[in-house]
Amino acid sequence: MIALLRRDLRLAVRAGGGFGLGVAFFLILCALVPFGVGPDTSALQPIAAGILWLGALLACLLSLDRIFALDHEDGSLDLLATSPLPLEGAVAVKALAHWITTGLPLIVAAPLFGILLHLPAAAIPALLMSLLLGTPALSMLGAFGAAVTVGLRRGGLLLSLLVLPLYIPTLIFGTEMIRRGQDGGDTMPPLLFLAGITAGTLAVIPFAAAAALRVNLR
Amino acid sequence: MSLLSVHDLAVARGGLRTVEGVSFTLAPGQALILRGPNGIGKTTLLRTVAGLQPPVMGRIEMPDDAVAYAAHADGLKGALSVTENLVFWAEVFGGGDISAALAAMDLTALADRPAAALSAGQKRRLGLARLLVARRPLWVLDEPTVSLDAASVARFADTVRGHLAGGGAALIATHIDLGLEARVLDLTPFRARTDSTARPAGFNEAFA
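Protein sequence lines correspond, in order, to chains A and B.
First residue of the first sequence? That's 1 in UniProt numbering, and the numbers climb one at a time after it.
First residue of the second sequence? That's 1 in UniProt numbering, and the numbers climb one at a time after it.
By construction, these hints were calculated from the structure, which means they are not laboratory data.
In this text, all values refer to a predicted model and were calculated from it rather than measured experimentally.
Built from N, CA and C at the ideal position, the CB exists for glycine as well.
Treat the hints with care, as some may be off.
Example chain B residues on the side facing chain A (calculated, C-beta under 8 Å, incomplete) [what the hints assert, rightly or not]:
1) G51
2) A79
3) V92
Calculated Cβ distances over 12 Å to all of chain B for the following chain A residues [what the hints assert, rightly or not]:
4) L11
5) V13
6) G20
7) L32
8) G50
9) D74
10) L77
11) L79
12) A81
13) I107
14) G155
15) L162
16) G185
17) A203
18) L217
Taking CB as the label site, the calculated pair distances span [as the list claims (entries may be wrong)]:
19) A:F207 / B:P54: 16 to 24 Å
20) B:T108 / A:L5: 21 to 29 Å
21) B:G96 / A:G36: 33 to 41 Å
22) B:G94 / A:P39: 56 to 64 Å
23) A:V108 / B:H7: 55 to 63 Å
24) B:T108 / A:I115: 53 to 61 Å
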């Protein structure tokens, strides 16, 4: 399984792997918003939390279809399915690799982009914590969507339609947590909800996604 | 003691039965060549034996984790070098030394080349080298010699012979004569009758 993680990370940073694409997209989105709504603090501050989380969601979505589609095309997925590696384990590892290459850079870059959107410094810890707890769920749910749509031509669009509604709970509690951090409120309840959603997806998704893959490999 | 025994097997592709009533056994040291016209269901039969899809009817008996499967796609990553590709599969299958596998498929000189820069025949050789690091007793091979030149085909036939001599078995779908001492199973007489039902138990139309 470590071998699979190493391979996926290596592929992501090699040419054409798409590493950094998510962060670049996130940056563009956060840089464009002030042009759209105006640069005033009064206009930007109330929507900063929402924009940051929407940006994270969409940036995450960009690379989702690569999780299984490339391995399906070149036959690796068939070989993985016949290997001693449990397919559930392969799903979990591939989602982890996606999180490391997409989610983690977003978390590191988010405080900087918060400044672009006039997010007050007091809200930065809540921003980091919400992304840290929430983005693993994005990768996990995305892996499930990718498993369901693997092998479909133009599956990327269908994948977005399937996955984005599943992101709603994470989006709600993620933005709520930043907003409470901004206003000096109690961030614990949304934090616990975020952690609970992520823990739930970590427990359930590998099995659901592996079942979907087995059906799609037939 | 047989490594693989198939009883009265029927397989389906896209909801249509292709072949039915196929039975054979493979003991260690034996190879079986599958023949038949295009579309008869050789690939489907091999995928079923490899466990990638369930049989419509019949039984497949073999030890757990016995199959090394090689199909039309070699499962190579173009961005990784020949060595990196092979080391990955060696680690996944818990197999061993890749240098012997590289030498057996005449890839030693190409070891540091990215897989994307290989020719079709070289890629195929790398895909077959994976069989050697997988260390599985039963090789299930779908047209293994596609895009190989004559020398490589001979080399591959030697490799299969070595595998058989070491107590392995091989189930190979191919149209060319590999020069192996193997039984040949022509699937033509097993073509499914059109009136037979193709639905496996629990078949769901939505996934057809």
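Now for the hints, and whether the structure bears them out:
1. Taking 8 Å as the C-beta cut-off, the interface hint given for G51 (chain B) holds, the closest approach to chain A being about 6 Å.
2. Annotation: A79 (chain B) was flagged as interfacial toward chain A, and the flag holds, the nearest CB pair being 4 Å apart, inside 8 Å.
3. For V92 (chain B), the shortest C-beta to C-beta distance to chain A is roughly 5 Å, which falls under 8 Å, so the interface hint holds.
4. For L11 (chain A), the requirement that its beta carbon stay farther than 12 Å from each beta carbon of chain B is not met, with the minimum near 6 Å.
5. The beta carbon of V13 (chain A) is not kept farther than 12 Å from every beta carbon of chain B, the shortest such distance being approximately 9 Å.
6. Distance check for G20 (chain A) against chain B: the nearest CB is about 15 Å away, which clears 12 Å, and the non-interface claim stands.
7. Taking the minimum C-beta to C-beta distance to chain B, about 31 Å, the non-interface status of L32 (chain A) holds against the 12 Å cut.
8. Its beta-carbon lying about 36 Å from the closest one in chain B, G50 (chain A) satisfies the requirement of being farther than 12 Å from that chain.
9. Look at D74 (chain A): its CB is around 6 Å from the nearest CB on chain B, not clear of 12 Å, so calling it non-interface is violated.
10. With a minimum CB-CB distance of about 8 Å to chain B, L77 (chain A) fails to clear the 12 Å threshold, and the non-interface call is violated.
11. Against chain B, the non-interface label of L79 (chain A) is violated: not every CB pair exceeds 12 Å, the least being about 4 Å.
12. Against the 12 Å criterion, A81 (chain A) falls within the reach of chain B, whose nearest CB is about 6 Å from its own CB.
13. Chain B leaves I107 (chain A) outside its interface by the beta-carbon criterion, the shortest separation being 26 Å against a cut-off of 12 Å.
14. Every CB of chain B is more than 12 Å from the CB of G155 (chain A) (nearest about 15 Å), matching its label as outside the interface.
15. At roughly 15 Å from the closest C-beta of chain B, the C-beta of L162 (chain A) stays outside 12 Å, upholding its exclusion from the interface.
16. Annotated as non-interface, G185 (chain A) keeps its C-beta farther than 12 Å from every C-beta of chain B; the closest such distance is 46 Å.
17. Under the 12 Å C-beta cut-off, the non-interface status given to A203 (chain A) relative to chain B holds; the minimum distance is some 25 Å.
18. The beta carbon of L217 (chain A) sits about 5 Å from the closest Cβ of chain B, which is not more than 12 Å, so the claim that it is off the interface is violated.
19. The hinted range of 16 to 24 Å is satisfied by F207 (chain A) and P54 (chain B), whose Cβ atoms lie roughly 18 Å apart.
20. At roughly 28 Å, the beta carbons of T108 (chain B) and L5 (chain A) sit within the given window of 21 to 29 Å.
21. Roughly 58 Å separates the CB atoms of G96 (chain B) and G36 (chain A), a value that falls outside the hinted 33 to 41 Å.
22. Checked against the hint of 56 to 64 Å, the pair G94 (chain B) and P39 (chain A) passes, with Cβ atoms roughly 58 Å apart.
23. In this structure the hint that V108 (chain A) and H7 (chain B) lie 55 to 63 Å apart at CB holds, the actual value being about 58 Å.
24. Checked against the given bound of 53 to 61 Å, the beta carbons of T108 (chain B) and I115 (chain A), roughly 54 Å apart, stay inside it.
Violated hints, listed in ascending order, are 4, 5, 9, 10, 11, 12, 18, 21; each of the other numbered hints is respected by the structure.
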